[in-house]
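Chemist: Single-letter residue listing:
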Amino acid sequence: MNWQHQTLQSLSKSLINKEISSLELCEFFLERMTRHQHLNAYLDVLPDQTREQAIRADQLRSQGLAGPLTGIPIAHKDVFVTKEWVTTAASKMLAGYKSPFNATVVAALGIPDDDQPQAAGMVCLGKTNMDEFAMGSSNENSAFGPALNPWDIRRVSGGSSGGSAVAVAAGLAPIATGTDTGGSIRQPAAFCGLTGIKPTYGRVSRYGMIAYASSLDQAGPIGKTAEDCALLLSAMAIHDPRDSTSLADSGEDYGRFLNQPWSEADVKKPLAGLRIGLPKEFFAEGLAHDVAQAVLAAKEQLQALGAFITEVSLPKTQLSIPVYYVLAPAEASSNLSRYDGVRYGHRASNYFDLMEMYQRSRSEGFGAEVKRRILIGSYVLSHGYYDAYYLQAQKIRRIIAADFAQAFTQCDVILGPVAPDVAWGLGDKTKDPLQMYLEDIYTLSANLAGLPAMSAPCGFSGDGLPIGMQLIGNYFSEARLLQVAHQYQQVSDWHLRRPEGMA
Amino acid sequence: MMKWEVVIGLETHTQLLTQSKIFSGASTQFGAQPNTQACAVDLALPGVLPVLNRQAVEHAIRFGLAIGAQISPRSIFARKNYFYPDLPKGYQISQYEIPVVVGGQIEIVVDGQTKVVELTRAHLEEDAGKSVHENFTGPHGEPASGIDLNRAGTPLLEIVTEPVMRSAAEAVAYAKALHSLVVWLGVCDGNMQEGSFRCDANVSVRPMGQTEFGTRCEIKNLNSFRFLEEAIQYEVRRQIELIEDGGTVVQETRLYDPDLQETRSMRSKEDAQDYRYFPDPDLLPLVIHSDWIEEIRAGMPALPATLRSQWQSEYGLSPYDSQILSQDRATADLFMELVRRLGAKHAKTVANFIAGDLASSLNRSNLSAHELPIDIAQIETLLNRSLDGTISNKIAKEIFILIWEGALVNKPAIPIDEIIEQRGLKQITDIGALEALVDGVLRANTKSVEEFKSGKEKAFNALIGQVMKASQGKANPQQLNELLRKKLQSG
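Each protein sequence line maps, in turn, to chains A and B. Heads up: the first sequence begins at 8 in the working numbering, then just goes up one per residue. Heads up: the second sequence begins at 52 in the working numbering, then just goes up one per residue.
Some hints here could point you the wrong way.
Claimed, not checked - Simulated crosslink set (PhoX-like; lysine-lysine; CA at most 25 Å straight-line):
no. : chain 1 : residue 1 : chain 2 : residue 2
1   : B       : Lys477    : B       : Lys445
2   : A       : Lys275    : A       : Lys287
3   : A       : Lys378    : A       : Lys99
4   : A       : Lys402    : B       : Lys445
5   : B       : Lys131    : A       : Lys378
6   : A       : Lys323    : A       : Lys287
Stated by the list, open to error - These stretches of chain B come out as covered by chain A in the derived footprint (C-beta under 8 Å, 3 or more residues):
no. : stretch
7   : 162 to 175
8   : 506 to 515
Claimed, not checked - Partner residues aside, some chain A positions facing chain B, computed with beta carbon under 8 Å:
no. : residue
9   : Ala110
10  : Ser222
11  : Gly471
Please keep in mind that the hints were generated in silico from the structure rather than gathered at the bench. For each residue, glycine too, the CB sits at the ideal point set by N, CA and C.
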């Protein structure tokens with residue numbers, strides 16, 4: 008049985024029908040993980056801990072205490088702290104670090120305990136590779152080597168949640184968690200032919216998620232289908248009193264609209280009444296022809312499903328890059344100050360005094376991109392530069408959000424590409440960080456505005472590499488975005504394609 | 052010789068009285084083993100986030116209301132970034148541009164003159180941990196520095212004045228008034244030894260009459276009123292001498308050394324760090340609705356200034372007595388309770404008792420009013436027996452000391468009336484008994500009687516003393532006075 012191709016719904020059914028136990032399912036994935044180790048999708052795997060959790064999940068099931076996700080394996084991005092698995096955020100700085108507590112997301116999805124009696128009961132397969140401290144768009148900034156794209160292992164997986172995308176695309180996990188600060192769920196999902204959603208800022212708790220840029224970071228699922236993402240998001244998005252920016256619990260089932268028509272007025276065409284906006288700035292110079300064609304073809308299909316297409320404008324799209332690369336490094340420079348070698352993490356073995364201990368520990372512990380962003384961030388917050396950079400960026404951030412608000416008076420969902428191009432070759436852009444930053448142009452603005460946005464497969468390039476389309480919705484419209492993607496996935500099969508050689 | 056004017060502004064860090072820390076659930080109890088009261092949030096482990104303590108905000112609002120300040124409807128927490136081992140996150144969360152409390156004033160009395168000290172602001176922030184440099188060794192016995200993070204995250208309210216004080220005495224008077232107010236409000240325990248209340252003084256001097264300020268120095272971490280006074284006095288002398296010798300004051304941070312009684316340079320303005328302040332994205336703006344403020348206002352204790360004017364107008368107390376009775380809440384509560392029990396017409400008696408016998412006993416036993424060892428009902432009965440003439444004033448004092456000392460060694464309390472009865476301490480009010488005593492004394496002291504008759508008024512007092520002695524202090528002084536004078540004049 009090709010369990011790796013099954014959706015969560017199908018796995019859930021098989022578990023209920025006792026076609027397979029959680030333990031057997033985990034053994035299946037553990038074996039695949041070993042076999043495809045060269046993809047470098049995982050940073051820490053503890054088979055015994057996985058088995059132990061699977062046995063607990065099977066017990067819960069036999070006691071009649073199983074929910075829809077109980078016993079289904081999941082991979083967690085290494086940015087979420089875990090008690091059993093080492094958590095490094097792919098940094099040498101945290102090599103070997105074990106957290107005394109589980110991130111709220113990990114606890115909410117894991118085996119129920121006294122703290123989380125309502126937990127979903129999923130089984131952790133391990134921690135996935137990523138760009139160091141989630142800074143990067145290719146997973147090449149991992150201190151432990153890049154995760155390789157299963158569609159072409161000479162290509163990048165995307166980032167920063169590259170390991171999670173690779174794990175799901177290669178069938179090394181049914182689904183995975185990711186985080187998205189400037190596109191880190193959507194872009195690797197697009198590069199690996201997957202579906203991923205970054206919810207509205209505040210939906211998913213950031214407690215236990217190693218902070219990169221606190222006002223932009225948001226966790227979400229990376230899976231094979233919109234339906235899978237809806238199921239996982241419903242279990243992830245809970246209110247957390249330990250995160251002051253956590254939204255009140257809406258108790259939402261994010262899958263409730265999946266099979267509903269958009270509007271009750273016209274049930275024959277499932278998306279009749281939906282207004283899709285195409286921002287002209289998203290289809291301007293710099294967009295690869297293959298990508299543009301695939302997204303426009305998807306537009307046609309959505310139109311065929313009844314959607315009304317209109318052009319909208321997001322005039323400050325270009326500015327999202329400088330704004331993001333001021334604000335995110337500013338927050339990062341402060342968030343990463345705690346890694347000072349004093350209490351935990353890497354400490355240089357030789358130093359003369361306190362200052363040298365700081366300097367050496369941090370110089371040795373952080374990679375080049377992390378250092379670059381700490382420098383940028385410290386600079387833009389410095390006395391005399393703060394107004395010109397940080398404050399100015401905050402002002403434009405508000406204008407970007409206002410542009411979206413304006414666009415959403417004309418449409419319900421914005422459609423565009425996720426990235427300007429498909430997965431590039433390993434090493435192609437590592438020499439030029441600015442070139443890499445430009446790859447984030449279509450994804451950054453949703454983070455800056457705090458809007459929900461998702462990526463879904465919509466075609467392949469001439470080289471046979473996956474292309475993703477991006478759907479951006481208004482605040483709290485996750486269920487609607489998933490509905491659009493799900494309806495699209497009912498009439499397309501891009502999301503069903505699997506990379507070759509991953510048997 | 053030039054005359055100099057001293058300009059002082061104070062920044063006071065008051066530790067807010069909360070169960071848990073300002074952004075975590077760890078306990079704020081003082082004195083625990085190092086690092087036993089620091090949780091994941093205080094240690095700044097990867098992934099942790101701050102959550103604001105509601106009680107800390109309530110304390111800030113309460114303080115703001117007490118000084119007539121504005122409570123900001125929306126204030127912002129910022130990050131102050133710097134590296135130090137006792138600062139686990141590498142930044143301190145503090146309010147920077149928009150503090151929770153703006154303005155306000157505190158009244159002080161110096162040399163009988165009342166002065167208003169204007170406040171600039173008061174803002175919430177977290178304390179850092181402590182570095183232990185002394186008597187600390189590493190694992191191999193080598194000298195080392197230790198870090199105790201128990202204090203990290205303790206809520207502080209930093210209270211900042213305008214540069215309006217003009218002498219060390221005014222600064223101390225302000226610090227004392229502020230100290231008594233925050234303790235009165237229950238927002239701070241006021242324990243200066245434990246660091247719950249510590250002052251930084253900004254000191255400058257300028258030629259008398261000059262309007263612009265001189266260059267200031269900031270003296271950090273003064274944790275006693277005496278150090279505050281000494282440090283300012285030293286610093287003022289230093290600055291004046293420096294300028295008069297042709298030098299200039301350099302803006303810098305200084306530390307006070309109480310052993311040498313001098314201030315020393317800690318770091319100059321040039322070394323000042325760039326703290327790269329920016330709003331903390333982990334915390335939402337602190338929004339305070341007016342109904343929350345009103346709720347806190349409704350639960351506020353009466354303020355000392357209000358009570359003082361009330362007592363002066365209703366009971367005719369002197370400003371001095373009112374000041375003593377309102378020095379802390381326990382004293383004021385005791386006064387008000389005794390007045391309630393004995394009646395307003397005896398307020399003056401109660402005031403005299405508290406300011407006199409009680410104050411000296413507390414002082415002698417090194418206790419404060421909230422540690423009163425005896426029951427208030429005992430005091431009530433004692434004062435009543437004195438007021439109704441059952442016992443003399445002198446006897447009342449003796450009984451008070453008796454029950455006080457008994458209570459200190461945990462003797463079971465004996466009812467006042469029983470003490471009076473058993474020890475026969477009732478005032479002699481029977482005129483016959485008194486006459487017998489007087490006659491006896493007159494007979495035995497013919498010399499004094501002669502002296503009195505020859506015009507020596509002093510002899511009269513000696514005779515009174517003799518009768519008192521014979522009565523074991525139980526004679527009613529007024530009655531005795533009248534009787535003795537009558538006898539001497541008639542005899």
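Chemist: Looking back at the numbered hints, which does the structure fail to meet, lowest number first?
Modeler: 2, 4, 7, 8 and 11
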